[in-house]
Amino acid sequence: MDSWLKGVVEGASNLGDHVQRHASKLGQNASILAEGMLTGMDAPPAEGSRELVFEAGPLGFTLEGILVASVDPDGQAAKQGVRVGWQLKAVAGYEVPAPAAPGDEAGERRNRATVKKWLKEMPRPGRLTFLDAEPPLAGAPGGSAAAEVGGAASPAVPRSAEAPLADGEAPAATGAAEEAAEISPEDSSLLEEIMATATPLVQPTPSIDASEAGGDGAGGEPAAGGESETVQIRVLRDQVSSLEGELETARAECHELRHLAAEQDDQSVGAAQSRLEVKVRGLQEQLATAQSEGEAARRRVSDLQAQLAAANARCEELRLAVGLDEEHVREAFEGRERVLEDEVARLRKALSATESESQAAREAAARSLAEAEAHVSELQARAGERQTELRDLSARATAAEGRADDASRELFRAQDAHAAELSRLRGASEEALRAARQELEESRKAAAKELEEARRELEEARRTSAERGTKAGQQGECEEGEAEEEADDGVFGMLDEMVVTGQASEAQGSEGADDVSVLHERISFLETRCGALQKKLNARPIVFQAPKASSSCAPGQLEEGLGSEAGQPSWVPLVRGLLGARAASVAVFLYGAPDRKLRSFTQRLLRHNAWLWVFYAHLLVLYAVAASCYAQTASDPSGPVDSLNVRVHEAAAAAAAASTAGAAAGA
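If you're matching positions, the sequence shown starts at 1 in the UniProt record's numbering and goes up one per residue.
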């Protein structure tokens, strides 16, 4: 539908342009016909006159009064040969006003305004007439219209020497009045008859009404062309009226000449009559020519009226076509208007609904904002309380840190004292262990000696019993067996007593021992027991309460176990097997120094209960400080500040959504 409407509008526009061009051509033909009706179509143009046609756009020259003052080199005037100094004579067939009298500034301004207005309102393409001669004199009788009328008649009439004429002026009637001083009364009636016959020449041409020229106005642009032609014909009418006025003036002068002729001398009547006859014949010829030209002009006007009628018929057809097109366009626009009205109604309903929703959203946002502000004030109060509590906790934490620093310094001093005491005890235990090992070695040597002596005594007893057996017979054999049993019982009883009573009984009964294997078994048993005790000692945790003085395990034995464990870690064989003996020794050396210091510190703590409790309190304070740091760095969703931020973000999002909905509803 839109494309069809655009096509119709474009076609109507093209048709209107065509009608306007046709009407413009008709107007030009009418103006040419009207000018020809006054001056004659076959009359040659005035000497020095140039008629130029200007299209749409700038004219390309400037005027100073009616003279061309400057010419644009690239304008239309330069292209058509207009030069500086030329005189503008007519605009679209209208004669420009004559120059004002010297000193008449108001008349000069009025003439300039008139010429400027005519140039501005001139239809394009338009005709401008220029003269490259001097302008006509001001105050010349007859005016511009009379000059045009007399331009064709003046060559047939001789001019008077007493009244010089300007360029193009035709004072036929004035010359007759000036030279008719000797007209006789008999010729007065003849002159009146001549003037009466000249009257039909200047009768107004048949008028063309606006209805005949432009129709009923439905044709649009053709009506505008008809109005232009009507204006031109009205101007012609005005010019004819001015000619009638001049003829009336000439008639009055004839009456005056008639009165003057009665007073003239009879001698001048003949000469004046002859001159008058000559002038009357010239006037009659001129009148005959003008009548023929008038008839030709009337025929041209009738032809022009026929063309105007055809143009009006064409305009009527175009008007009807445009009316039909307008009807279709009107129906299409009415349908489109109904659709748009429905759409506007729908949009209004949607707008009202959106406005209600936006109002509800604004109210909800206002309530949410009020609640958020109340909650914010509450959270601010709670935050103040929490800040006060935080300051108290910070003060308490600072005090606790101070106490922890004091405890740490005291603990370090206790560790140093414990390390020194542990070193001293380790040295004492090592000395006691060396002494015990020496005593054990001495006891072993003594036991070996006693065992040798027992063996010798047993051999001697066996030899003695053997000698007794050979001497005494069977009785001797029984006694020998009993002696041997008593010796064996003594030896085994001594060994049992050594096993029960320990190392001291072993030293006392060493004289009765006779078998080294029993002592080796005893030593193996003792080594096995020591190994089991060492394993139990190593299986205990590092931090434990120090043993009481009445405990069966001495501090020197604990330090000895610790020292042996620190000197030979369980992973030494594995390192030695993988990296070698040198790498294992280096690893043991690097491991032993810190291990010994740590174990010494632990032993000091185990010996002093107070330092042990201080160590536990120190660990507790450190764990509390670390937990508080983690709690401060981690975000708490239930905290007042975080919940406040969440509420503020939600309120901002709700306000943004409400504003967006309001903007959409407004659009």
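No wet-lab data here; the hints were simulated from the structure.
Glycine included, C-beta positions come from ideal geometry on N, C-alpha and C.
The reader is advised that the hints may include incorrect statements.
Cross-link-like lysine-lysine pairs, in silico, DSBU-like; alpha carbons within 35 Å at most [claimed, not checked]:
| hint | residue 1 | residue 2 |
| --- | --- | --- |
| 1 | 116 | 79 |
| 2 | 117 | 79 |
| 3 | 597 | 535 |
| 4 | 449 | 535 |
| 5 | 445 | 536 |
| 6 | 536 | 597 |
The following label-pair restraints were derived from C-beta to C-beta distances [claimed, not checked]:
| hint | residue 1 | residue 2 | range |
| --- | --- | --- | --- |
| 7 | 432 | 399 | 45 to 55 Å |
| 8 | 428 | 573 | 29 to 39 Å |
| 9 | 590 | 631 | 48 to 58 Å |
Exercise. Of the hints stated earlier, which fail here?
Worked result: Hint 9 alone not satisfied by this model.
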